[in-house]
Amino acid sequence: MAHTGRRDAPELPDFSLLKRLARDQLIYLLEQLPGKKDLFIDADLMSLLDRIANVTTLKQHEVDKLYKVELKPIVSTSDQLCFLIRPRIQTVKWIADIVNSDKASGRFRRYKIIFTPQKFYACETVLEEQGVYGDVTTDEWAFYLLPLDDDIISLELPEFFRDNFLEGDQRWVTTAGSALRLVYSLYGPFSKVYGIGRCAKMVYESWRDQVEDGEQKARQPEIGNVFLIDRDVDFVTPLCSQVVYEGLVDDIFRIKCGSVEFGPEVTSSDKSLKVMVNSQDKVFNEIRNEHFSNVFGFLSQKARNLQTAYDKRRGMDIQQMKTFVSEELKGLKQEHRLLSLHIGASECIMKKKTKQDFQELLKTEHSLLEGFEVRECISFIEEHINRQISMIDSLRLLCLLSITENGLLPKDYRSLKAQYLQSYGIEHLLTFANLKQIGLLVEQQPGETLTVMESKVGKLVNDKTAGKLTDAFSSLAKKSNFRALSKRLVLIPKSGEEYDLRVPRDMAYIFSGAYIPLSCKLIEQVLERDGWTGLEEVTRMLNGHEFAVTGGTNGTEARIKTDPQRIILVMFLGGCTYSEISALRFLGREKGYKFIVLTTAITNSARLLEALLDNHA
Amino acid sequence: MAFVTANWNPLGEAFYRKIELYEMGWNLKDGLRECLVAAAPYGGPIALLKEPQRRSPSVRPQLEIYSSSGVAMASFPWKSGVVKQLGWTVCDDLLCIQEDGTVLIYDLFGNFKRHFSMGNEVGQSQVVEAKVFHSPYGTGVAIVTGASRFTLATNIDDLKLRRLPEVPGLQGAPTCWAVLTQDRQSKVLVATGADLFILDYTSPPGLSPQATSIVHMCVSFSYKYLALFTDSGHLWMGTANLKEKLSEVETKVRNPPKQMAWCRRPKSQQPSVVIMWDGHILVAGECKNTISYHLEGVSILVPELDGVRIINGTHHELLQEVPASCEEIFKIASMAPGALLLEAHKEYEAASFGKCFLSNFPPEPFVSMCRDLRVLNAVRDYTVGIPLTHTQFKQMTVQVLIDRLVYRKLYPLAIEICRYLKTPEYQGVSRVLKHWACCKVQQKEEADEVIARAISLKLGEAAGISYSEIATKAYECGRTELAIKLLEFEPRSGEQVPLLLKMKRSQLALSKAIESGDTDLVYTVVTYLKNEMNRGDFFMTLRNQPVALSLYRQFCKHQEQDTLKDLFNQDDDHQELGNFYVKASYKEKAQIGHLQSAVDEYNKAKNEFAAKATEEEMRLLRFQKKLEEEKGESLVGFSLHDTIRTLLAVGLHKHAEQLYKDFRVPDKRYWWLKLTALAEKEDWEEIEKFAKSKKSPIGYLPFVEICVKHHNKYEAKKYVSRVTPEQKVKAHLAVGDLEGAADAAIERRNDGEISTVLSRCSPSTDRALVERLNRAKATAAKK
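From first to last, the protein sequence lines are chains A and B.
Numbering-wise, the UniProt record's numbering puts 340 at position 340 of the first sequence, and it's gapless, one number per residue.
Numbering-wise, the UniProt record's numbering puts 153 at position 153 of the second sequence, and it's gapless, one number per residue.
Just chain A, same shape as in the assembly:
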């Protein structure tokens, strides 16, 4: 790592406990259905399950065959079927169909549904409506948290984002509350909880309620402070192209559950290779947070070091050689393998990203962030759409334009949308409806008056519940205020100055020195001020819903900056990007904090926008 952190950085808690708990519970649940059984697993739980229990473990508990849930008729011959699924209506309906068709053909089987992390009443309603409630037993696998790395924990619930921020469906709030409660009971108590966003506040309340029901134990905390933040507080950051290595790998190869599949163009063989990308990978660990422009230099240095290590063999006697082979060679080989893999990946990234259009894309993004030459940016976007370069990238630029400019001019709004529809089809009318709903792509409103929708929403909210949660669609009434926020929080470093990406001076390095991520800046400011004082103007522009609450422990103790006090859990509701994690790691090194990121899922611009498309649902 090019930059050395402060020496006194505290140790991170051990999160492998979470995996052990999950595995034990799963085994217990499987044992509740004794005898041989076939197990059907939701497609998106496959990789998740991989991290918890391997096939051998499952076989040991009498799982005969494993199937992926495909919502098609099944071919299993087993007398016992077990379904491990997310609580989704579609899947439950599919299971009900299986049960009913078995009944129709006079076949008797036992069925068990294990919902994870919890079941919803609506799912049971479906079982009831389909007349199979009595034929199926249900259980919950309370698997809330998957540690992806030493400092990343994920709920692996990508649908949280769409359900909560677009559909106004708050069913996952309790889930997030339970997840926080789990962290609290294992690594708490927390001394202070900060947060911003409607959902953050609700999750905080849900957690509070759950904790009040249970007893509190006095224990040495392993996590000091908690920061909860809604994804819709900052949409700009996840919409920007990622240029830090880990983020790039995610943008291009898509990291899934902490592992990535490198295709033949990376492995330079005819096979694809699945590798875990985390701190266990020594090579990756050193370059993950680096700006891509430094990665090659680093990798070649690494290759030279490796060669030197290999070269040590020369002139060794037998005994030394023996020691070398038994102690060092394996490590070197491993490192060698990883190194060639990451060099392959970097080459592949280079090919895609150093092309001229990518440079121009970045230039446009930076101009938008700065609010500079906006007309040129619009022409660029127009051409991007007209040439059908990338459906998602065009949409991303449109959204970035809308947020940074507080909406599009009516003329641009219409013409850009029309051109987009010509390129990608009428179904994107629904995409645009969704983007408008969530506030990502809107028309500029003349003046500061309340919009029609705002007043409509306002009427719906009765006085009593206004403070709590009634209006599910607050995003309608929201303006991004990005320009003003950026000025107040100094998110855009002064242009013209040379920014040395090898020696970053602030978090802006993750975007080539062009922009400090708003989300991370807020966290930095709040931690520095120990609350929201002095940030009133900022929170007003972010639509409020900020809070700072002292936790269960007494206040005087919290004043002393003990080690756990400098371990900070940041919970992103609606997903966070690898770039943000890199930025927080940087901030931690600078200030002597350790950040743990707890997110509903890892996201990036493509995932974010794909979740808002409506062409598949």
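A portion of the hints provided could be inaccurate.
[As the list claims (entries may be wrong)] No more than 30 Å apart at the CA atoms, straight line, and that leaves these computed lysine-lysine pairs for DSS-like:
#	chain 1	residue 1	chain 2	residue 2
1	B	K530	A	K112
2	B	K668	B	K604
3	A	K68	A	K36
4	A	K72	B	K565
5	B	K557	A	K72
6	B	K626	B	K530
7	B	K530	A	K119
8	B	K565	A	K352
[Said to hold, decoys possible] Partner residues aside, some chain B positions facing chain A, computed with beta carbon under 7 Å:
#	residue
9	W277
10	H280
11	Y523
12	K587
13	L640
[What the hints assert, rightly or not] Covered stretches of chain A, as calculated for chain B (at least 3 residues, CB under 8 Å):
#	stretch
14	24–36
15	421–435
16	498–507
Bear in mind the hints are in silico, worked out from the structure with no lab data behind them.
Idealized CB from N, CA, C, for every residue including glycine.
Got chain A; can you put chain B on it based on the hints?
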């Protein structure tokens, strides 16, 4: 103090004493004569029914309820049928067993609670005798009818009547009987002549041969022992299973006793039986001698765990074996430590004097005993009237004592005791307060506001109070408004929901469910509303609750598409309806009909943009369909862009041109499209024609780049000259002409461009060029 032993009487090894508990507060004209009396164990209340046989409506018998000290708690004329027996349940409810087999239940204050029947067959033959008994399973009732049939219910709260088999050879009523609880079963023990029946025919071992008939019997408090009194005046004592005989005492009295009760306590030295006749009682134990007491007026015996209480018209006494510790202290010439301590205490007047001499004695038992004694003194007080002994108190536990106080509405005392004994709040104070509040809501004369305020004031922040329980009580009393007011105090919104639904306040229930943040609860209410309301009202309700609406919409999206449409219709949400139809159109493979509906809806929603876009889509769709039929080219479902590209690719230039004009495709897009399509086919000739057709709206750099992309530098070079000056350098570089790029850059004196060209030069091969560029750079910098 000096005369502590004055009322002690020896019986065998042990002593017995009879002490006065209360001088009765009641004022009974005829004492207990011609009264049905029932006194509950553990110092419980006393019920009296005077002259129960009276039937005429003008003179009704009076039912009175008193505390153990004779303080009146209730009194009312008995208007129902003839009562054969009174009894108390474990929860201090009064059971009145009528001769027709009906059992009426009243509370401590004479409020009617409910009734049940001991069976239909009782009707004609009538109840001759009844007994109320207690067991670990609750309070039971046993009756015998005129036809000498026994019926028994072990627990009146879970009524299961058992009709017992006939007793063989029994003519008329049995002489006496008792209820036993053995092996987790309640049985009736019947005496006929000298024989006893349980279910088996049996006779007690070693019953005196002179006896020809058992005339009275009683079972001990614990159901372990049985005492029989025979017509020969013998008292037989033994175990209730009739396996063992303890002793037999000849009383020399041949009259059948009026009542009999075991007088023993746990670890008793000398279990004994108290036998009562008119005017006197006799205590008989294992030894041959007996103790005899004279009685004033009509009395009744109340068996207790550790003694027998005797109640008559004026007094209430306790007869018990003197506890061993008392005996040690007070026995004449006792040298036990307790006795010495007492002497010392008299000398020095220090209450806990002896403690100082004990080094290893833990203080807890001493402190807790002092506490217990204070509590006992408090409840024994005349105004409370619960004469508990310490043994009874320990057996019944504090919880039950608190319950008893609550039944008597002695809330302040109950709270004081809870606080004094440091009972955990949710079992103690909070529980009492909840009962108090439940009682308070029944005070019909007070206004809802007053009651609600009083309750909230008193309950305040007490832990673990469930306001919803109190509200349920209020609702059961028919005070819906009060119930709603009380629910407002319930901090957990989720708890309020079930009652609100029960009260049909569904709107409020929905709001509360939403407030709780528990979406499952919201969904429960939504499902309930869906079944309860008609569709219109249901939708209307949802409309005002966005959170519930979103949830329901999510559900409908997967389960009930049509409902979703109805929902949007109800809301006049034409925008969503439009979206709905658009979605339907591409789900069912480009249905023009759906799109037309979408257009109508978008128009209603005044969304011109969407309406126009949809109309265009319809036009495109018609065009695509037509062409598919004509040319067999698969086009349906393609976007305009993709359609044109496909047409160009297969050489249908005219059709492409038509679309370009009809849909007013921007020139730039069309040029890009055509250029790309031609390049794909490597139709260089056509490209050249195209480039010359008119001035390119996208410039000529794309021409250069696309040719290079398709590896045709020769063609690419043709267009370099037509590129605008700003893009010249790029164009030259694209075709690999460094020299040309350098010329262009130097000519434009653009520092950035010069640097770009420089970066592409390799110092070994292009040395002259590098020098030229560096010179130009230097001049540019000087300027």
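Exercise for the section: Verify the coverage statement for the stretch 24–36 of chain A against chain B, using a C-beta to C-beta distance below 8 Å and requiring 3 or more qualifying residues. Expected result: violated (count 0)
Exercise for the section: Hold the hint about L640/B up to the distance rule: shortest CB distance to chain A must be less than 7 Å. Expected result: 4 Å, holds
Handout entry: K557/B paired with K72/A [C-alpha distance capped at 30 Å]
Key = With Cα atoms ~20 Å apart, K557/B and K72/A stay inside 30 Å; holds.
Problem - Distance restraint between K530/B and K119/A, which requires alpha-carbon spacing of 30 Å or less - result: 21 Å, holds
Handout entry: Interface restraint verdict for Y523/B against chain A (beta-carbon cut-off 7 Å)
Key = 5 Å, holds
Exercise for the section: Compare the distance between the alpha carbons of K626/B and K530/B with 30 Å, and conclude whether the hinted pair is satisfied. Expected result: Violated, at about 47 Å.
Problem - Interface hint for K587/B, Cβ within 7 Å of any Cβ on chain A - result: This interface hint is violated because 10 Å lies over the 7 Å limit.
Problem - Hinted pair K668/B and K604/B, Cα distance within 30 Å - result: Violated: K668/B and K604/B sit about 34 Å apart, past 30 Å.
Exercise for the section: Assess, step by step, whether the Cα of K565/B is no farther than 30 Å from the Cα of K352/A, and give holds or violated. Expected result: Given that 30 Å is the threshold and the Cα spacing comes to 45 Å, the pair is violated.
Practice task
Grab the minimum C-beta distance from H280/B to chain A and call the hint holds if it beats 7 Å, violated otherwise.
Solution key: Violated - the Cβ of H280/B stays beyond 7 Å from chain A, reaching only about 61 Å at its closest.
Handout entry: Supplied contact hint for W277/B, tested at 7 Å Cβ to chain A
Key = 61 Å, violated
Problem - Cβ contact check, 8 Å cutoff: the stretch 498–507 of chain A against chain B, three residues minimum - result: violated (count 0)
Violated hints, in rising order: 2, 6, 8, 9, 10, 12, 14 and 16; the structure is consistent with all others.
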